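**Q** Going down the list, the protein sequences come from chains Y and R.
Adding 8 to a residue's 1-based position in the first sequence gives its number in this note's numbering.
Adding 8 to a residue's 1-based position in the second sequence gives its number in this note's numbering.
To be clear, the hints were calculated from the coordinates, so they are not data collected in a lab.
Note that this is a predicted model, so its numbers are computed, not measured.
There's no promise every hint is true.
Said to hold, decoys possible - Okay, the calculated beta carbon distance ranges per label pair: (1) R/Glu303 with Y/Lys205: 56 to 62 angstroms; (2) Y/Phe35 with R/Pro24: 38 to 44 angstroms; (3) Y/Leu13 with R/Gly40: 54 to 60 angstroms; (4) Y/Asp198 with R/Ala274: 55 to 61 angstroms; (5) Y/Gln11 with R/Asp97: 31 to 37 angstroms; (6) Y/Pro285 with R/Asp203: 52 to 58 angstroms.
Glycine residues also receive a C-beta, built at the ideal position from the N, C-alpha and C atoms.
Below, each chain spelled out in residue letters.
Number of protein chains: 2
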Amino acid sequence: MQQLLDEYIQPIFDNPLLAAKNDSAVFPVTAGQLAFTTDSYVVKPLFFPGGDIGKLAVCGTLNDLAMSGAKPLYLTCSLILEEGFALKDLRRILTSMQETAVSAGVQIVTGDTKVVEHGKADGIYINTAGVGILDTEKTLNTKAIQADDVIIINSDLGRHGLAVMLEREGFDFEHHIHSDCADLSSLVNDLMQADIKIHCMRDLTRGGLASTLIELAVSAKLAFEIQQAAIPVHDDVRSLCEILGFDPLYIANEGCFALCVPASHAKQTLKVMHRHPLGKQATIIGQVKQAIEQEGYVSLITEFGIARGLDLLSGEQLPRIC
Amino acid sequence: MQQLLDEYIQPIFDNPLLAAKNDSAVFPVTAGQLAFTTDSYVVKPLFFPGGDIGKLAVCGTLNDLAMSGAKPLYLTCSLILEEGFALKDLRRILTSMQETAVSAGVQIVTGDTKVVEHGKADGIYINTAGVGILDTEKTLNTKAIQADDVIIINSDLGRHGLAVMLEREGFDFEHHIHSDCADLSSLVNDLMQADIKIHCMRDLTRGGLASTLIELAVSAKLAFEIQQAAIPVHDDVRSLCEILGFDPLYIANEGCFALCVPASHAKQTLKVMHRHPLGKQATIIGQVKQAIEQEGYVSLITEFGIARGLDLLSGEQLPRIC
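Chain Y extracted, bound-state conformation (with noise of 0.2 angstroms):
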């Protein structure tokens, strides 16, 4: 455990506070609003187009923080190895995570390692905490959700999802589907420092936009509408998803998210957007309404221009994708 420690964890993630190993990592704090958050990831198999589960594990945290408004600063990372697990595959998963971590400008800066026996974990789960702080000012939440407001996502839909399932399953499609895997945190960042007034903004990652727009819709005692035509989806992902009969909205993303804003900011927001790599395909996919008969009721407009409501799909559509 020391010579993992001592000859893997500690020199690819080097940095002074993991090196100091105590039991936590300190460092100093301005006042104001902390975002804290956690994700455990079991995604199989760890190595897929567009990314791994380290990649994974430090995208998907460092994204819950960036939804809450909040800049990401610290991250921990804790292992649980199956005995015997490559260490080759352990060295790229952890370089993996550091890289992503250097790239948003954070530190991955206290941690812990168990083994189970053989035949359990899967070669290896990952979980990440993540602190971040956020402009007083600046709190989110889907209380703050406001009849009228538009919504937009930045990205097109469901390319995690399959390409996860797609590497698991040994499927022979010829395809282009690369996981969307990234970090929104520098996307978010440029949001923030605009004069924007985000009401709220939320990734789809498990259950996809459908359920997230639901859990908002719900949270706001609101109601949802969105054109199925305005929502981006990759030709691949939607000749797959007609072959395989999944539907693209409730498929897993881990670079995609919504976020809720005044109708008199959507120019702003998609203006903002549309220059960071990860916006590039932003657009307004619906608006947020009044309930009339039931809070928390999403409807799709589909191409046809038929209302369907959306609903909450019981169990998971594609299990073990993050």
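Given chain Y's structure and the hints, the job is docking chain R onto it.
**A** Same frame as chain Y, now just chain R:
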């Protein structure tokens, strides 16, 4: 997943930050130093005399914060559940986490749940991360340890590791060994409030007292000398260790810690500790010395007056203990 969250996790951990269901918990902090830590728990079995994986997951992270001199504030709870895990066991574990958190005055404010296939994860793995605040003047670390410091521990050794191992292996010994699993933060708070110049604290978890002291001595570039006769070990622990061939100095504890303080503060330290239920057995077990031949050397003066050097064990004496 939604149901699990709404019917189990939210009602048990019941607090407004968690109920906000945001991607991150957001709370105010004052300027100062923040301590941040994490641990994953894979203990087997999940329930053992003196505790369970839930109590362990909260105490372990509280103790890591406390060892840095921080007052714990908020925790996360990330679950990896095996498909089919009994909901009554989940409820029991979450309730145990909440009881421990409430009694320590902290809140579990955010979390995550993943489900893996039957046969993986042994029912449940838990990760907790925690944040706490420090008095800026009182940062503790191994560099602060000085020659002539005394080494004090709060309690007898070896109970946690043995209690878990006996429960797991189903040995039919008659014994009264309960895990020492406990939240040390209130005892540490008493010490921090008293005017004691603590140089360093460390909990005696994986690898036990011996491994912990070696790590401290190596990091401090000093030598430690401890007296075997001064180290409290429960009679049942001592006898079972003899029968089973274990060394109590290397067994994991979950409610024991060592601290280094100047000799002039020893009396006051013991006085404060003896007033607390978890410090009644507090005692001086040794001294810090200048390293003569080898930095990081820890010598044990046996009951026969012979000095022997302690080594780091390769591999864990008892795996899956925390």
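**Q** Using the beta carbons of Y/Leu13 and R/Gly40, state whether their distance is inside 54 to 60 angstroms or not.
**A** Violated, since Y/Leu13 and R/Gly40 (Cβ atoms, about 29 angstroms apart) do not stay within the stated range.
**Q** For the hint 56 to 62 angstroms, verify it against the beta carbon of R/Glu303 and that of Y/Lys205.
**A** At 58 angstroms between Cβs, range holds.
**Q** Is the hinted range of 55 to 61 angstroms satisfied by the C-beta distance from Y/Asp198 to R/Ala274?
**A** holds (56 angstroms)
**Q** Are Y/Gln11 and R/Asp97 spaced within 31 to 37 angstroms by their CB atoms?
**A** holds (35 angstroms)
**Q** Is it true that Y/Pro285 and R/Asp203 lie within 52 to 58 angstroms of each other by Cβ?
**A** holds (55 angstroms)
**Q** Quick one: are Y/Phe35 and R/Pro24 within 38 to 44 angstroms, going by C-beta?
**A** With Cβ atoms ~27 angstroms apart, the hint is violated.
The structure fails to meet hints 2 and 3 from the earlier list, while all remaining hints are met.
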